[in-house]
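There are 2 protein chains.
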Amino acid sequence: MTVERRKFLKTAALAGAGAGIAAPAIAQSSPKIQWRLASSFPKSLDTIYGAVDIFAKAVSDMTDGNFKIQTFAAGEIVPGPGVLEATQNGTVEVGETALYYFWGKDPTFALGTAIPFGLNPRQQNAWFYNGDGNKLMDEFLKGYNLKGLPGGNTGTQMGGWFRKEIKTVADLKGLKFRIGGMGGAVLSKLGVVPQSIPGGDIYPSLEKGTIDAAEWVGPYDDLKLGFNKVAPYYYYPGFWEGGANLHYIFNLEKYNQLPKNYQAILDAAASVSNIWMQSKYDADNPAALKSLVANGTKLRPFSQEILEASYKAAQELYKELSAKNANFKKIYDNMHEFQNNEYLWWQVAEFTYDNFMVRQRAKG
Amino acid sequence: MTVERRKFLKTAALAGAGAGIAAPAIAQSSPKIQWRLASSFPKSLDTIYGAVDIFAKAVSDMTDGNFKIQTFAAGEIVPGPGVLEATQNGTVEVGETALYYFWGKDPTFALGTAIPFGLNPRQQNAWFYNGDGNKLMDEFLKGYNLKGLPGGNTGTQMGGWFRKEIKTVADLKGLKFRIGGMGGAVLSKLGVVPQSIPGGDIYPSLEKGTIDAAEWVGPYDDLKLGFNKVAPYYYYPGFWEGGANLHYIFNLEKYNQLPKNYQAILDAAASVSNIWMQSKYDADNPAALKSLVANGTKLRPFSQEILEASYKAAQELYKELSAKNANFKKIYDNMHEFQNNEYLWWQVAEFTYDNFMVRQRAKG
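In order, the protein sequences belong to chains W and S.
Last residue of the first sequence: 364 in my numbering, with the numbers rising by one and none dropped.
Last residue of the second sequence: 364 in my numbering, with the numbers rising by one and none dropped.
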């Protein structure tokens, strides 16, 4: 992790062999650097995790191999939940994580990833890049010695796998649902008993009936874990993750020590990763969904009653959190106002276009 | 436009003043390069055109100012429609354009931007980056001595400004509508008389009634041109541009002559531009829409009858074009199959999430 800086403040004019072109005298800053990146995710999530290799390759390609970022999956250097701390304290220079994992430390973290009934994926980029999102999240992350960059999105997630149909709010009562973060907090207001279970233990728990339901990501990732074999009902939408954004987080000092051109390269590599991750999910989910349905999965929309009660519970939660936490209130209010304006516009051209296309496709 | 290559194949270890760190012996490739970029758009389109400055700044920042791209608006070096040819023949190294402008040369160009009832913006990125889109378009562009990179999207556009309400297909008969490209070709099958008028002449033509209707982009750009003052009805969605993608096109030889790291930097800068353009439209359209409606604009959805007749006309057009043009058929078929799969998935989580959020917002 040593940073070897080279500055050719005065460079003699050199003629490249065969090129015959005089090189100008310029300052230059392409030090050899080796960084380590720890992801909160396993390699089996080849889209969320796969993005870190796209990111690292882009950085290496842009620097002729001078800036190398070695990537590590959850557990290789630190366990998935340890990525925030490992990046804060400089064990690694960069982490890939979903900030909402750390909402127990401070609910403000969740605003970097997704909150129930929050922004959809495109709106999230709009808030981050052309609203106040990145600026506000960085102000907050500074307190943790971190700087963040959006690195991709899963798209709107699925609501998960249920052993039995649920139709009313009464059906949620006592439901043991593997769901984390704020989604769990919202649903617990309606009687759900949120379960915290690592990814690898979901399948056997669902099979045995230790839990009644579990949510993961969407068709592409869920199919690989085989949840369809142990729970027939696949609900949508995952209203607690209308668009789950993944973050690159950087140790602030290490980031600030970089030459400006390397900082610009990291920014751009995160944009490459951002587009790639969302594109890969969008490209790969359809075939997985087809396969699930062909193998007997029963798709079910959450009922309007459940959606509305959950929406109400979410607003209560935001009110409670805002009363207790000034950071949360400030950033939530900013995002919420942005979102209201977004959907005002979204309902016009975007939504009516998709609506027609969806119906037209259904007609064949 | 000279390319000054510097390769330090063997570099003596140098100690930077005060740094005391030995620089390693490495090959390096950061030549000073000056390129020119010609856009097909005027500076007044500060999102579509504004993206070229974001793009050029990213390239400069990533190369410590070694790779400079000077940007020119339509008319400064060549008129907007001249950008393709100017890039082909190397007058400029890079252009920013909407490839569908050149569909008269070959309808295949349109598949790079938008076709009526085509992919929505996210689906377009998915097709470009994780489907066959970029590969197929580059195979086609190679025949024009070009290489392309997606550079941003407007989002689903609006259907434009109409002096009178139109409700049925019969109302389209003889309608003088300022609309270009394939949208015009589709609507002409329904009796519309497409008008080709430069942006600056639309306002007076609409005011005088020389034309009955005109489409441009969406609320943010349309408000600036003041169309609302001369036509009361603002229709949606612009079904001929479900997601209009803008392209960076590169002179193929100039691109191939670049060091690999500079090619990677251009790729990444295009991703930066891609996210920025869509984000800016998404962030700026809501306020413009509010202002239009507050000033009396009447929002109107196209009727189901008009949408369905247009959809049918579009399918006829694609059949005709496919029969005459093997390139079009090959790339259209690939995109069409991709799109069918996309909407199969889109209707599940994405669409139902947006649907609930739109309705919830309307309730206040």
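I should point out that these hints are in silico values taken from the structure, not numbers from a laboratory.
Hints should not be assumed to be uniformly reliable.
Note that identical chains are pooled: a pair holds if it fits in a single copy or bridges any two copies.
[What the hints assert, rightly or not] For lysine to aspartate or glutamate, the following EDC-like pairs were computed, each having C-alpha atoms within a straight-line distance of at most 20 Å:
no., residue 1, residue 2
1, K224, E308
2, K57, D267
3, K208, E337
4, K330, E308
5, K260, D61
6, K105, E76
7, K164, E316
8, K329, D132
9, K330, E207
10, K176, D46
11, K68, D132
12, K363, E308
13, K164, D46
14, K329, D61
15, K298, D138
16, K105, D53
17, K290, D267
18, K135, D64
19, K135, D284
20, K330, D61
21, K260, D64
22, K32, D64
23, K324, D46
24, K32, D61
25, K298, D61
Taking the hints in turn, this is what the structure says about them:
Taking the shortest Cα distances, K224 and E308 never come within 20 Å of each other, neither inside one copy (31 Å) nor across copies (39 Å). For the identical chains of this complex, K57 and D267 are neighbours both inside a copy (14 Å) and across copies (12 Å), given an alpha-carbon limit of 20 Å. For the identical chains of this complex, K208 and E337 are neighbours neither inside a copy (44 Å) nor across copies (40 Å), given an alpha-carbon limit of 20 Å. Proximity of K330 to E308 under the C-alpha cut-off of 20 Å is found in neither arrangement, the shortest distances being 25 Å within a copy and 46 Å between copies.
When the C-alpha separation of K260 and D61 is checked against a cutoff of 20 Å, the pair qualifies both within a copy, at 17 Å, and between copies, at 7 Å. Taking CA atoms no more than 20 Å apart as the test, K105 paired with E76 passes in neither setting, with 24 Å inside one copy and 55 Å between copies. Neither within a single protomer nor between protomers do K164 and E316 lie at most 20 Å apart by alpha-carbon distance, with minima of 28 Å and 46 Å respectively. In this assembly of identical chains, K329 and D132 lie within 20 Å of each other by CA distance solely inside one copy; the values are 14 Å within and 44 Å between copies.
Proximity of K330 to E207 under the C-alpha cut-off of 20 Å is found in neither arrangement, the shortest distances being 43 Å within a copy and 46 Å between copies. Taking the shortest Cα distances, K176 and D46 never come within 20 Å of each other, neither inside one copy (28 Å) nor across copies (52 Å). With identical chains, the CA atoms of K68 and D132 are never at most 20 Å apart, being 31 Å at best within one copy and 29 Å at best between copies. In the homo-oligomer, the alpha carbons of K363 and E308 lie at most 20 Å apart only across protomers (11 Å), although the nearest pairing inside one protomer, at 30 Å, exceeds that limit.
When the C-alpha separation of K164 and D46 is checked against a cutoff of 20 Å, the pair qualifies neither within a copy, at 30 Å, nor between copies, at 53 Å. With identical chains, the CA atoms of K329 and D61 are never at most 20 Å apart, being 41 Å at best within one copy and 35 Å at best between copies. Taking the shortest Cα distances, K298 and D138 never come within 20 Å of each other, neither inside one copy (42 Å) nor across copies (41 Å). Within a single copy, K105 and D53 get their C-alpha atoms no closer than 29 Å, and across copies no closer than 40 Å, so neither meets the 20 Å cut-off.
For the identical chains of this complex, K290 and D267 are neighbours neither inside a copy (36 Å) nor across copies (33 Å), given an alpha-carbon limit of 20 Å. Taking identical chains as interchangeable, the C-alpha atoms of K135 and D64 are never at most 20 Å apart, the minima being 30 Å within one chain and 24 Å between chains. In the homo-oligomer, the alpha carbons of K135 and D284 lie at most 20 Å apart only across protomers (18 Å), although the nearest pairing inside one protomer, at 32 Å, exceeds that limit. Neither within a single protomer nor between protomers do K330 and D61 lie at most 20 Å apart by alpha-carbon distance, with minima of 39 Å and 32 Å respectively.
When the C-alpha separation of K260 and D64 is checked against a cutoff of 20 Å, the pair qualifies both within a copy, at 17 Å, and between copies, at 8 Å. In this assembly of identical chains, K32 and D64 lie within 20 Å of each other by CA distance both inside one copy and across copies; the values are 10 Å within and 15 Å between. For the identical chains of this complex, K324 and D46 are neighbours neither inside a copy (38 Å) nor across copies (41 Å), given an alpha-carbon limit of 20 Å. Proximity of K32 and D61 under a CA criterion of 20 Å is satisfied in both settings, with 13 Å inside one chain copy and 18 Å between copies.
Taking identical chains as interchangeable, the C-alpha atoms of K298 and D61 are never at most 20 Å apart, the minima being 45 Å within one chain and 51 Å between chains.
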